[in-house]
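Undergrad: Each chain is listed here by its residues.
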Amino acid sequence: MINTNSTKIAVNKSTVDKLSKKPYEIILLSLIVIACLLLIKPSYLYAKSVLAQVLLKHAWQESQHEYQQEIQPQHQEKDQRNRPWHWADSYPVAKLTYKKKNVSWIIMAGMTGRAMAFAPTWLEDSAKPNQYGNTVISAHNDSHFNVLENSDVGEEFLLEDPQGQILSYRVMTIDIVSQYDISSYLFQDETMITLITCYPFKVTNKAKTQRLVIQAVHVDSLR
Amino acid sequence: MKFSPLIFNLFIISGITPIITLGMTLSMSSHVYAVEKNNHDDADYHQVSLNDVSSGTLLFKQSNSKRFLQAPQLKTQVEIEINGLVANVKVKQKFTNTSNNWQHGVYAFPLPDNAAINQLSMRVGDRVIIGEIQEKKQARKTFNNAKKSGKKAALIEQYRPNLFTTQLANIPPNEEVEVELSYFQQVDYQAGEFSLHFPMAITPRYQPKGSKTSATHNLLPTLIFQARAESRAEKHSNTSSFEQYSTTDPVQGQFIDVTVDLFSGAELEQVNSINHSLIAEQQELGHYRLKLVNQLIEKDFKLTWQYQPQALPQILNFQQTYQNKKYGLLMVLPGLSELNENSAANKITPLRELTFVLDTSGSMAGDSLAQAKQAFKYALTSLHEHDSFQLIAFNSYPTKLFQAPVLASETNKQQAWRFVSALESTGGTEIKSALDLVLNEKLTAKNSKNEKLQQIVFLTDGAVGNEAEIFSDIAKKIGSKRLFTVGLGTAPNRYFMKKAAEIGRGSYQFISNHNELVKQMDRLFTKLSQPVLTDLNMSLNNPNGVLVTTPNPIPDVYANEPLFLSYQVTGEQSDSLLTGIYQGEIWSINIENYQQENVDANFLGSLEGNKTVSTKATEELNIPPLATLWARRKIADHYRQLMLYKESKAKDNIIELALKYHLVTPFTSLVAVEKEVSRPHHQTANAKQLKNMLPAGQKLPSTALNWQWQFNGAICLLLMSVISLLLIPQRKNND
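Going down the list, the protein sequences come from chains A and B.
So for the first sequence, our numbering puts the first residue at 1; every next one is plus one.
So for the second sequence, our numbering puts the first residue at 224; every next one is plus one.
In isolation and in its complexed conformation, chain B is listed as follows:
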């Protein structure tokens, strides 16, 4: 009796021990995991993915990992030339392969939106490799051949709209790599201010918590740099400064020189750099030279400038000739009506019909919807009593507030406000049905013979799946309506929003922080209430010539929102006529071009003078920047055609344009292959395998149910208990 519990205990213990061990291992393993994770962070010091790239960076590949090691950067030189609205940016960067192994590298550069890359050259040691545009399949083949046979190669492809990557195969150990890249960009304009952005912030690094700097030395040996006497004279660098960098930490010692030549075509009010101090001087009227020397790379370079305010709309015309065709860029700067007191007094603003389409899906829950409601309130206040409006809220289904658009009377406004206040966020995001409703509904309104300017403001935070379908829908049904898209949060599809607004002759806006929503929407509604020039049309005086504009149709000009119009003229005479409606009256202006390579500044009413600007931006290629810009916009049009209607002809057109204008597109690459074999055959290019994983934005879906672990555990427990239970009768028999 006294002995038996002991035996019984043994049975029990034999049953329970595995369970406890199991539980122990379980908790242990999660502990071990946590420790491991920390170690990962240490090892990840220099590792980045292509998504992390925030400035021109050379990355070394690792086998079995899609993350990269960052190559030490020595020096960056940037030359920017701005012609009115087009910037030609030339980037020169130096890197080293400080390891003792051959490396396969990737040079990544986050291009600003609207940039068109056209030139690449790579220098490894004393050898120079120049890029050439080829159709993509061909390009990839060439590169693979080079990789196998040990030639150096550079391949540039456009993966996503704003990140360019160049592959650099076979970089010798302790070798210096110089990358030269040039691209075209259209400058930004916001509220009277032009700005140009150049990415040069350091790619974020993930500092280990214990901050073991030795970890970095294990990965990449410290910078070994021998200052080479540069045979070529370089404008803004000297050897002594190079030597200085060699002594500093590779992470810290990243310096940059920036030179900007700004051809504005007219006198500027002011020129500024937001993050850096720079030296600015006016060379001649409408030509400014700016310098930024030996700056530490910390923040992006952002240049802003403003024209002197004019009361009336100001037209700046820039034109260049390439292969018997004239390429131009027309900038229509809306005047500031406040300056013109006479016209402000008897200003006639066209009547408007505003439709506000609001996303009330589940993802808008909380602050987003509250802010959107607030924004709608602003929309209501921006309406005059003779304007009319409509409200459509949508989630899985769209809901109309009014049967048809109603006048913006106090009672209607209040009704709308009550309706909006009661909206709750729930359900999915069915963008298509909402757009269908708004586009069809507006048609009925048009039948009631009103001549109002029909504006649609579309606010959503959802991703759009069936883009092509929606585009073709808008294109078919938009008519004379204008579509303004507002994307909220990080999810909205920029491509979709931008294109939808372009088809709809409107504008697009992205608001990543919902706290900004009210402010930004207020600005949008203010803009919408101040159309300056509408129904614009451009035609050639010479009937034999052909004029093609992009965007086509030409969008309206609002206060504080200038128009950038790219055009191509075939034929001798490029003088043309721009017509539109200004303050309710038909308005027109002659755009005259006196000679090639001229930049004309035409002012409405009076011609204030011409400034001759010599452009030598693309000496190597002899393609004027304006021609490149035109081609770039044309390619974007074709690409949209391709995405919309899957026309293979569009693809051929893109390739043709890309080859002619030396542009990288989804179907063409810039390829450069060196002829001389530089790597000894017995040595294979190294790509170290290292642990990966870093937290960064979007990620692939979680694809493990993890049911088996629990299942196995439970089965174990079940078996143990059953066996133990079965053993109890034996003990009883023993008694």
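The following block holds chain A by itself, in its conformation from the complex:
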């Protein structure tokens, strides 16, 4: 039962204690260490999503500032856009605010797993934020979009684009769909946003096969 390593540690640790109880203590101590190690990954994932938003908000303000000051930066090239951190491979495209909970997120371009670890992401094939068409945004349901669990029809979202224009969107439909139902990506004949996150929200270890799809339409177009 007792291997040489643990015996050595045990001997070092307590020479006074009786030999019989040491293995248990060691097992418990190592369990604590394992538990701590196991904590690292989930904590890192969550911390990343929270901390990234801080950096992104900073980058967002900077680009807004630039726009207002009419500084002509080389915005044409993707690489010269304001990047939240120097090794980032994406850039902020909009700021989304959920009015009810008074929370806001900076949206990044490119719906990839890599970008989504940091922020909600915008599907590059969909319409540009605040422009005619359907703007598709998705985020994890256990980080950014966890507040969408109790969202309801009629609630409002605000979307701010890099030009500083803020449009307000009212939730028209909330659907729960299969992950293979991509009909929410479709082009729509109005200015609208589609928010996608995993469903259900309850904590499991399973891969979630359903998605919560919230579609909100630009308020002015409703009048």
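Straight-line alpha carbon distances no greater than 27 Å define the calculated DSS-like cross-link-like pairs of lysine-lysine that follow:
id, chain 1, residue 1, chain 2, residue 2
1, B, K872, A, K128
2, B, K655, A, K128
3, B, K699, B, K857
Just so you know, the hints here were simulated from the structure itself, not pulled from any lab data.
Given the coordinates of chain A, assemble chain B onto it according to the supplied hints.
TA: Chain B only, in chain A's frame:
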């Protein structure tokens, strides 16, 4: 001393047990999940999503699910009339609602590319509902009203370019549904062969592993079908055959009749059906009738035909009149130069300047890039020594091989080949900067007063985000250059590639399997090396009339690549002149129209005869197919304008055209609402809730980090261990 370890063990066990239980549940739950998944497959037998639809299908809606149940299909009748390049397809399908509940249905039909739908009618029982084009918002409102008040309604909308869906509300239990649909389509042409494709393959079903056929009966009761004596005479069906289907399994018993009237305007070399055997007979010169009777639906119907080969370019002109305007379709068939030995000997091919733009982004890794390199090698061999070329490789940034296009000498070719061989796939796909480079770079080449035909071949597998921006860029900078797009894999944006090539007066190509790449590219480069007619222009002889063509500008004609030109003439005389450059010399031909509804076959040099064809394709609507086709192409132009410049005027134009020519567009729907209320008020339409999910192509992003599960587990473990550890000193004190 002997007793104490036992107590201590208890502490330990109390600490460890929850952890083990935790681990057990974890592994158990994943096991349970696997079992559940299998069950899903069983239940999914009849379930499909709109993405799975591969032929005309009636689907029943389910509440809280966007997947559908497939309605049993009884009979499909198809009548196809082909006028040269335009096909008018009439589809008649019968379905049943075999359940005992009212259903809300969706009829989905995967239309071939370039098809323009114009008519829909639905028959539920004895009632007939006829479609009408309305602007979309209005259309949706009408439908919702109908749904609430229990009227039957059909609504057709264009969601994605090639899938049409019709909503059918309130289908009574055990009722029969007949859907009639007609659409226009331009036939395909590939390497001397015309082809028409009609989708009739069975929508794929997912067979359960245990193959429990009873599962299907639970979902949809077996087909209950009473053969109804049809009051209307139906050409190719009879009651006895209907009864026969009722005894067969609903999945198996799907039969189809197809009749084709092919007006070719000239004698054909041969007519064939690829997947089915059919009976063909020539009614008169240039009119063929083909029949396909009682075929099991297994494979798509694909008809192919070929004209008799001619040495010189052959011009076929089809024209119809609608509301004082003449609508025409001009088909320019490039001749086969091999047949004309005299001209082949002293054939002058224009000098070319070929620019090859190659995507080397990370997604091209492996075989794709290797194949693309191979294709480039073919491109090099297709160049003559007086031609010149350039190579641009791009990922996140574009790289030019040469400062300016160079002559296709052996040394330059070798240098290019060395460069290409060394390329590796890495980085992102920045299509815009690559196109910018190629378009700007070519401008400098033009300044050096060369008169070469400038061809750009653009190969990518990437999706394009900023389409509108790129389109306007191409439109601005393309000049006299020609752009040929090649999309590789499943990701390329067809809409973008097609439109970019159209603006660039070139052609587009999609290669879904990279093993096909070399072969297809070889074909493309061969084509590029054989331009037949370039710089085409069409003008009216009558100066008072107005001639509008689409596509505009008119693309070039290459060997084995005919030109389809749709046009509209306002004014009395529609005789016109087509000019271009043929073998280095200015070439022109008069296109004469003798009378309305005539199909003229003009051959270059000599006129070989006119064939009169009576067209009765759209009796109900009185819109000739050629007019519809013209309108359809015009709408596509306007739609592009809309996507490019967000012009609201373009939207109004689309709506106007759609209403006038009875077309379904993104902004108009075909609506049919029955006036009589058919559903008892106390019964609500049923939509069963069933488990969803099936593997199929694209899917929504995974949006769960799943950090909490591990987090909670780890915290549990931590707490248990700490508590147990804290209890040890107590035991020591006890000693």
